[in-house]
Amino acid sequence: MSRLSIITKDRAQATVEDMYKDLERRITASPPGLCPIDLTSSFLKMAHAQTCGKCVPCRIGLGQLQNLLEDVLDGRGKLETIDLIEKTARSIYNSADCAIGYEAAHMVLKGIEGFRDDYMEHILRGRCNFGIYQSVPCVSLCPADVDIPGYIALISEGRYEDAIALIMKDNPMPATCAYVCEHPCEVRCRRNMIDDSINIRGLKRFAVDNANFIPLPDRAPLTGKRVAVIGAGPSGLSAAYYLSLMGHHVELFEKRDHLGGMLRYGIPSYRLARETLDKEIETMLSFDVKIHKGINIGKDISIVDVRNKFDAVYIAIGAQIDKKIGIIGEEGEGVVSAVDILRDYGDEKYHDFNGKNILVLGGGNVAIDVARTAIRSGANKADIVYRRRKADMPAMKEEVEAAVAEGCEIYELSLPLSIERNEEGKVNGLIVKPQIVGSMDNGRPATRDAKELPINIPCDMVVIAIGQGIESKDFEKDGIPVRRGVIDALASAGVVDIPGVFAGGDCISGPATVIQAIAAGKVAAANIDNYLGFHHVIETPVKVPDPRLSDRVPCGRVTMKERPADERVHDFLLSELGMSLQEANQESKRCLRCDHFGFGVFKGGRIERW
Amino acid sequence: MVNIMINNKKVTVPEGITILQAAKLSHINIPNLCYLKDMNEIGACRVCAIEVLGTERLITACNNIIEDGMVIYTNTPKVREARKVNVELILSQHDATCTTCVRSGNCQLQTIANDLGITQTQYKEEMPFAKWNMDFPLIRNYEKCIKCMRCVQICDKVQDLKVWDVSNTGSRTNVDVSHNRVIEESDCSLCGQCITHCPVGALRERDDTDKVFEALADKDKITVVQIAPAVRAAWGESLGLKSEFATIRRLATALRIMGFNYIFDTNFSADLTIMEEGSEFIERLKHRETSVLPMFTSCCPGWIRFIKTQYPDMLDHLSTAKSPQQMFGAIAKTYYAEILNVDPSKIFVVSIMPCVAKKYEAGVNVMNDAGAGQDVDVVLTTREVERMIRSENINVVELVQEELDAPLGTGSGAAVIFGATGGVMEAALRSAYFLVTGENPSPDAFKDVRGNEGWREATFDLAGTQLKIAVASGLGNTRRLMEAIRKGEAQYDFVEIMTCPGGCAGGGGQPIWNGIEMAYNRGEVLYGLDEISDIRFSHENPSVLKCYDKYLQKPLSHTSHKLLHTDHKQWELYTKKGE
Chain A
1 MSRLSIITKD RAQATVEDMY KDLERRITAS PPGLCPIDLT SSFLKMAHAQ
51 TCGKCVPCRI GLGQLQNLLE DVLDGRGKLE TIDLIEKTAR SIYNSADCAI
101 GYEAAHMVLK GIEGFRDDYM EHILRGRCNF GIYQSVPCVS LCPADVDIPG
151 YIALISEGRY EDAIALIMKD NPMPATCAYV CEHPCEVRCR RNMIDDSINI
201 RGLKRFAVDN ANFIPLPDRA PLTGKRVAVI GAGPSGLSAA YYLSLMGHHV
251 ELFEKRDHLG GMLRYGIPSY RLARETLDKE IETMLSFDVK IHKGINIGKD
301 ISIVDVRNKF DAVYIAIGAQ IDKKIGIIGE EGEGVVSAVD ILRDYGDEKY
351 HDFNGKNILV LGGGNVAIDV ARTAIRSGAN KADIVYRRRK ADMPAMKEEV
401 EAAVAEGCEI YELSLPLSIE RNEEGKVNGL IVKPQIVGSM DNGRPATRDA
451 KELPINIPCD MVVIAIGQGI ESKDFEKDGI PVRRGVIDAL ASAGVVDIPG
501 VFAGGDCISG PATVIQAIAA GKVAAANIDN YLGFHHVIET PVKVPDPRLS
551 DRVPCGRVTM KERPADERVH DFLLSELGMS LQEANQESKR CLRCDHFGFG
601 VFKGGRIERW
Chain B
1 MVNIMINNKK VTVPEGITIL QAAKLSHINI PNLCYLKDMN EIGACRVCAI
51 EVLGTERLIT ACNNIIEDGM VIYTNTPKVR EARKVNVELI LSQHDATCTT
101 CVRSGNCQLQ TIANDLGITQ TQYKEEMPFA KWNMDFPLIR NYEKCIKCMR
151 CVQICDKVQD LKVWDVSNTG SRTNVDVSHN RVIEESDCSL CGQCITHCPV
201 GALRERDDTD KVFEALADKD KITVVQIAPA VRAAWGESLG LKSEFATIRR
251 LATALRIMGF NYIFDTNFSA DLTIMEEGSE FIERLKHRET SVLPMFTSCC
301 PGWIRFIKTQ YPDMLDHLST AKSPQQMFGA IAKTYYAEIL NVDPSKIFVV
351 SIMPCVAKKY EAGVNVMNDA GAGQDVDVVL TTREVERMIR SENINVVELV
401 QEELDAPLGT GSGAAVIFGA TGGVMEAALR SAYFLVTGEN PSPDAFKDVR
451 GNEGWREATF DLAGTQLKIA VASGLGNTRR LMEAIRKGEA QYDFVEIMTC
501 PGGCAGGGGQ PIWNGIEMAY NRGEVLYGLD EISDIRFSHE NPSVLKCYDK
551 YLQKPLSHTS HKLLHTDHKQ WELYTKKGE
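Chains A and B are the protein sequences, given in the same order. Counting with my numbering, you get residues 1 to 610 for the letters of the first sequence. Counting with my numbering, you get residues 1 to 579 for the letters of the second sequence.
Please keep in mind that the hints were generated in silico from the structure rather than gathered at the bench. Yeah, the Cβ is synthetic: ideal placement off N, Cα and C, and Gly gets one too. Incorrect hints may appear among the rest.
To be verified - According to the in silico footprint, chain A covers these stretches of chain B (three or more CB under 8 Å from chain A): (1) 129 to 143; (2) 168 to 177; (3) 522 to 532.
Said to hold, decoys possible - Residues of chain B placed beyond 10 Å of chain A at every Cβ, according to the derived structure: (4) Thr12; (5) Thr55; (6) Glu457.
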């Protein structure tokens, strides 16, 4: 016997390690709507397999907990069973020796709190409150219900125009989304069970970049109804498109000089080219939408007047105003809001940041956008100061990486305390208090003060990017209900208690994503149409190809490339590169066609019209 | 056309068809279980899985489209193994006590398991747990359900009531009443289409045959049986009889052998229905300004349940006339009791119906106008009668034809077509024409209302009045028609609705043929019977005329109203037993 030996993985262990990875990916791709008790029981079974067997609560208790859960699931449970489950889990939690036991019990306890209703339903009626009603993962996670398997199949056949036409049935901004959608559709892609999710946005971009002229659907006969849309962001534009397609007369009111809302005044042109945006907006307004630019509803005309002049109104004013951070030195020259800077760029007023050392405060996409914009406008430095860890930033990961590659430094775990100014009042530094990562708070760790002294980060300009608010005051004054700063609207987009007035997008939710805003516009269009006494059906003649029957062999995901950082920092041209034809063909053929294979062929596989 | 190869046979088949269809065209059978053409092509049972050259995993034949040059094998080791394992897996969760199953001998699963030569299964039995109200006319047996989803699809796509849905998730996925309701709280019309499209015995009607055998054995009971129009077109199917042989007069003989005292025909009361409903319609037409139009027929209890749950605000459109079944019951326990000079409570009325909803109708809280308990005591479906014939060991091939009894055994050709979609309308128009003009039209004058489409319309001239009528069968079609009426897109004077596609001929109580819709074939039989009838008009049925003469006086008389009409608003959708 050697005194020590090097441990090598045997084949069985290597296989198990592989299975862990498979399981991780499988959990990622879990369909929504599963029975939470069934899942708890299944997780318990795995936890029980992990037990080392030393201690009673874990070795025996986890098994007995499973038995009790199975009783509930099999209709053998009584109301007292819930109490016994709770008591057993509590005692395991309190007395298990290690996390294998107490964390498994903790999961059960959380469940009893989180879905007690479902326990009751199982016990009293033998039924589950849940059901897989959303059968195609990508479609169910797309706020606008875009037929994703459908357009990917069309792309795989080279039918890019049809792909776009199919998208436009549910989302009239395919080009915009091709470049900047946050692609929630990719999160639970079933392809994860094999290898990795489909690059859905990348494929859409390929279709957008390669499609020729796409004829619009025929406009329905004129209805004589008049609808006012306030705000020409993605939500207002989407509502205007569908409502005008339905034959209604739409007038669009926009406070600023150009259309597009945050797509122009928030998103820099290196992410979404202005020509692309302008072309898309022009298409969306094809059906005689009347445009009023530079009109501020609430100030120039009251919302009451608008309501009186139109048969229905859609309020989609977005979340446009900056928030203050509330630290010493914030007032005065050298401290600006990210919203203001990006707005200027939207109006083609480029700043000159030559030689400037800029610090951006915030961790969201806006912070990244403004930092990358500043770099492109000649800043010597445009660094980001964020109070939590880099991993906790709400900005999209690929955006953060791109910013870092462009030279943006990220000061993580740094809580801004004050902005320092010299005798002339010019900004010369930011004092931050170092933090350490702290306890978990709603799934992400909070921070706590590090036992260290504050640090002065030298700079000559500070940009605040800590979120946006909604300019709802003028609307509230005129009787539009506002709750916690947002307009109070229902899931139908109908404003509470005011018939004929609808609202949607960021102004009812706070800052959210483009696709959520578009979906809200679509919902509003459908419900306004009904409110006006119509039921126009939106559909497309495009027929989705039958699925290929070949095996789906494991194959990696095509990821998007960017232009070299040292080249792209000098211009505002698109940073991301599109897929090649070869890549698009391969990627599109990876799609598992959940509309056909699986539950989708039975229910919910395709929503052909709305 | 595309060229493919199936089991080494080169064939040319049309483009765009499924592998299953292509195999069928090539005279190659691929076993399938959940598949129902155009209705349920979801590849759930995986029994139709086949091998395609160049593909590692198997592909279901029922819902995948052939590709040019495809090389298909339907019986490889991989296919055989998977097919057999899948059937065994289904059997592990199927209560395979075939001996006590109503579908034994007519069960897809039984056939496939037998064909595959499965003599024992290797898996542990695991039956789902759920309770069902066994008093309800429709019965689901969770332990027999194979989750093929056909019932869900029929109810969604054809009947548009969405009573069934997938319930629970994961390994406990089941089929149950949608939205976590129990069946009594659901909007079930009791059409029974889920039963006739179930491949196994998971769905059936409540079996009431024992109640009938009991009554037959009771010396104090006078058993009176009525046979619905559509039953005569179907009762012999599962007994292996040809429709020309399986006549109503042979059925009458079989029932007499069983011990029924009097064998009557629902056609009698169908003619009575025409007299009442036709007269009511003419009254409504006379007072067009004040009366509710269109008038809807009211013979079909599935339709009554549908309108009560889906369009309760439109109940005034229903004719107040009872259905032929209920008119028969009321007349049997009054007029006929007087003829027999017996206490009506001694009379036990059985009806043989192509229908499950009729079981509900007979038990409706207000269907007791004769004052002797339920007007109709027991309702049997065509299938139950077929089971009674078998259990009595009646040698059907030797049956002779016997006459039905008088006077309630007489019916017209107009009554016999009640069993097919459009038939009630056609019969009513024949007599309405007479009632208005005093002359008979040609019996075929209103043939335009016949047809296969689910929603038809026609216009007729009735003594100078243009009548616009519509006929719909199937509740999905009915809903479309109702919405059109509501929105003012369609205007009619008279509308006939039958719940089952094709009418009672395709009723949910009729014999079951896997994957074949029999309604229109049976309807043709009924139209044939009408054509050869001596009497083609309800108002010429001598027994009906006599009944008015001796008892009811005239249509819409006080007695008629008491016995033959009803207020559908009073109908409860579910009455708990013993309440």
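Consistency of the no-contact label for Thr12 of chain B, given chain A and a CB cut of 10 Å: holds (19 Å)
For the stretch 168 to 177 of chain B, do at least 3 residues have a Cβ located nearer than 8 Å to some Cβ of chain A? holds (count 6)
Is the coverage entry for the stretch 522 to 532 of chain B by chain A consistent with the three-residue Cβ rule at 8 Å? Violated - the stretch 522 to 532 of chain B has 0 residues with a Cβ nearer than 8 Å to chain A, which falls short of three.
Okay, the stretch 129 to 143 of chain B and chain A, do three or more residues pass the C-beta test at under 8 Å? holds (count 3)
Please verify that the nearest CB of chain A lies beyond 10 Å from Thr55 of chain B's CB. The assertion about Thr55 of chain B is violated, with a minimum of 6 Å to chain A.
Going by Cβ atoms, does Glu457 of chain B stay more than 10 Å from chain A at every point? holds (22 Å)
Checked against the numbered hints given earlier, this structure breaks hints 3 and 5; the rest are met.
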